[in-house]
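Asks: Both chains are given apart, each in its own frame, so use the hints to dock them into the complex.
Take a look at the letters that make up each chain.
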Amino acid sequence: DARVTQTPRHKVTEMGQEVTMRCQPILGHNTVFWYRQTMMQGLELLAYFRNRAPLDDSGMPKDRFSAEMPDATLATLKIQPSEPRDSAVYFCASGLERQAGLNQPQHFGDGTRLSIL
Amino acid sequence: QKEVEQNSGPLSVPEGAIASLNCTYSDRGSQSFFWYRQYSGKSPELIMFIYSNGDKEDGRFTAQLNKASQYVSLLIRDSQPSDSATYLCAVLRNSGNTPLVFGKGTRLSVIA
Numbered sequence: 006d007a008r009v010t011q012t013p014r015h016k017v018t019e020m021g022q023e024v025t026m027r028c029q030p031i032l033g034h035n036t037v038f039w040y041r042q043t044m045m046q047g048l049e050l051l052a053y054f055r056n057r058a059p060l061d062d063s064g065m066p067k068d069r070f071s072a073e074m075p076d077a078t079l080a081t082l083k084i085q086p087s088e089p090r091d092s093a094v095y096f097c098a099s100g101l102e103r104q105a106g107l108n109q110p111q112h113f114g115d116g117t118r119l120s121i122l
Numbered sequence: 076q077k078e079v080e081q082n083s084g085p086l087s088v089p090e091g092a093i094a095s096l097n098c099t100y101s102d103r104g105s106q107s108f109f110w111y112r113q114y115s116g117k118s119p120e121l122i123m124f125i126y127s128n129g130d131k132e133d134g135r136f137t138a139q140l141n142k143a144s145q146y147v148s149l150l151i152r153d154s155q156p157s158d159s160a161t162y163l164c165a166v167l168r169n170s171g172n173t174p175l176v177f178g179k180g181t182r183l184s185v186i187a
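Residue numbers (this note's numbering), protein chains in the order written: chain P, 6 to 122; chain B, 76 to 187.
Source of the hints: derived by calculation from the structure; they are not laboratory data.
One or more hints might be untrue.
[Stated by the list, open to error] Derived DSSO-like pairs (lysine-lysine); straight-line CA-CA distance at most 30 Å: (1) P:16 <-> P:83; (2) B:117 <-> P:83; (3) B:131 <-> P:83; (4) B:131 <-> P:67; (5) P:67 <-> B:142; (6) B:131 <-> B:142; (7) B:117 <-> P:16; (8) B:142 <-> P:16; (9) B:131 <-> B:77.
Bound conformation, chain B alone (with noise of 0.2 Å):
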């Protein structure tokens, strides 16, 4: 199993719909968890973190943290055409000295 999972996509919406995005990982005590976002040919760049169960708002995102579930997602409101690129997720282990670990990525296309 790898240590976090992300359906690759492509995930499409039309604009205005809500995107959910998810992720889930390996580490039951893994305790801090990033979303980022990466256009096309850039580099990625930090849009979320959560690290208590429940949801976070910030604007039209949304983190939400099931720990006991091992399980991370993000929506995205009003989803809008710049929103379309591959969303990160990525997981701080519970080991001290062990960084961040990243899954694949979720493509997401919002259609005008």
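This is chain P alone, in the form it adopts within the complex (with noise of 0.2 Å):
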């Protein structure tokens, strides 16, 4: 049974410290999905990619976040130096799209639970 696989699945850090979370997105699959869940804010999305290419991240704080692919196996998203308010569930998300903007059922990860201290 194909799945999202996401890693670590909890992480407990304190602040300033840099933390990465990496995700391997379901074989064959040409999207990826970064986002963020919180009890106040629901999901919301951090990035996005298709074929490895970044299509959007304007959810993500620029400053402190970045989300790469560096191949279509793996899919990274840091946060350098880390705060308490980053302190989340983070889930990937991988899909098939075949054509533009249609038919986009996302697989989600079984997440990262991130503890900033």
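Replies: Written out as structure tokens, the structure reads:
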């Protein structure tokens, strides 16, 4: 059963430290999404890649967050320096987009639960 | 106006009843609509999608879409306690480079 794999599942660190979250999308999927979920804001889109090219990172604080896809099997989300307000669950999702804008069911990974002290 | 709006709930229904979850969206050109279920502490799981006006049934779930009213709903028949979760409505906007926009979800509680 194909799954989106995220690591680590949990991360606790002190403010100011660098945090790197990794995602392996489902093999064959050509879109990758990073979301942040909090009780107050719900699911917020941070970054969106299609065929490894970044298409939308307008939801991401540029001064401390960065998202990359070094290859088709790996997406990374980095926070440097981390702050307590970054504490949230970060989800990666992938999908197969056959035509731009159509038919994009996304499949989510289990998420990284991040706590910044 | 938020792009995708849902009543946050909680919506409480007795076991065996029909649960009705509603969602409205602002982009009239939206074409694809999805329902995700999220159990506490878990990731969202796709349960239904609908593209055309009308009803789409899958087991105990029925998705209903009314594009003229910009309204999509999810009905759960014969609700079970295991259906207790947060249900997220997601809408694919008309712009080609724009991904899904999620509502904040409705929390459903099915009482045994």
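Asks: Can you confirm whether the C-alpha distance between residue 117 of chain B and residue 16 of chain P stays at or below 30 Å?
Replies: Given that 30 Å is the threshold and the Cα spacing comes to 16 Å, the pair holds.
Asks: Are the Cα atoms of residue 117 of chain B and residue 83 of chain P separated by 30 Å or less?
Replies: holds (22 Å)
Asks: Take the C-alpha atoms of residue 131 of chain B and residue 83 of chain P, compute the straight-line distance between them, and say whether it is at most 30 Å.
Replies: Given pair residue 131 of chain B, residue 83 of chain P is violated - Cα atoms ~40 Å apart, limit 30 Å.
Asks: Within a Cα-Cα threshold of 30 Å, do residue 131 of chain B and residue 67 of chain P meet the stated pairing?
Replies: With Cα atoms ~41 Å apart, residue 131 of chain B and residue 67 of chain P exceed 30 Å; violated.
Asks: For a C-alpha distance cap of 30 Å, please report whether residue 131 of chain B and residue 77 of chain B respect it.
Replies: holds (26 Å)
Asks: Taken at face value, is the distance from the CA of residue 142 of chain B to the CA of residue 67 of chain P at most 30 Å?
Replies: The given pair, whose Cα atoms are some 36 Å apart, is violated under the 30 Å limit.
Asks: Would you check the hint for residue 16 of chain P and residue 83 of chain P, treating anything up to 30 Å between C-alpha atoms as holding?
Replies: This hinted pair holds, its Cα atoms lying about 13 Å apart.
Asks: Within 30 Å, alpha carbon to alpha carbon, are residue 142 of chain B and residue 16 of chain P?
Replies: violated (42 Å)
Asks: Check the hint pairing residue 131 of chain B with residue 142 of chain B against an upper bound of 30 Å on the C-alpha distance.
Replies: holds (14 Å)
Checked against the numbered hints above, the structure breaks hints 3, 4, 5, 8 and satisfies the rest.
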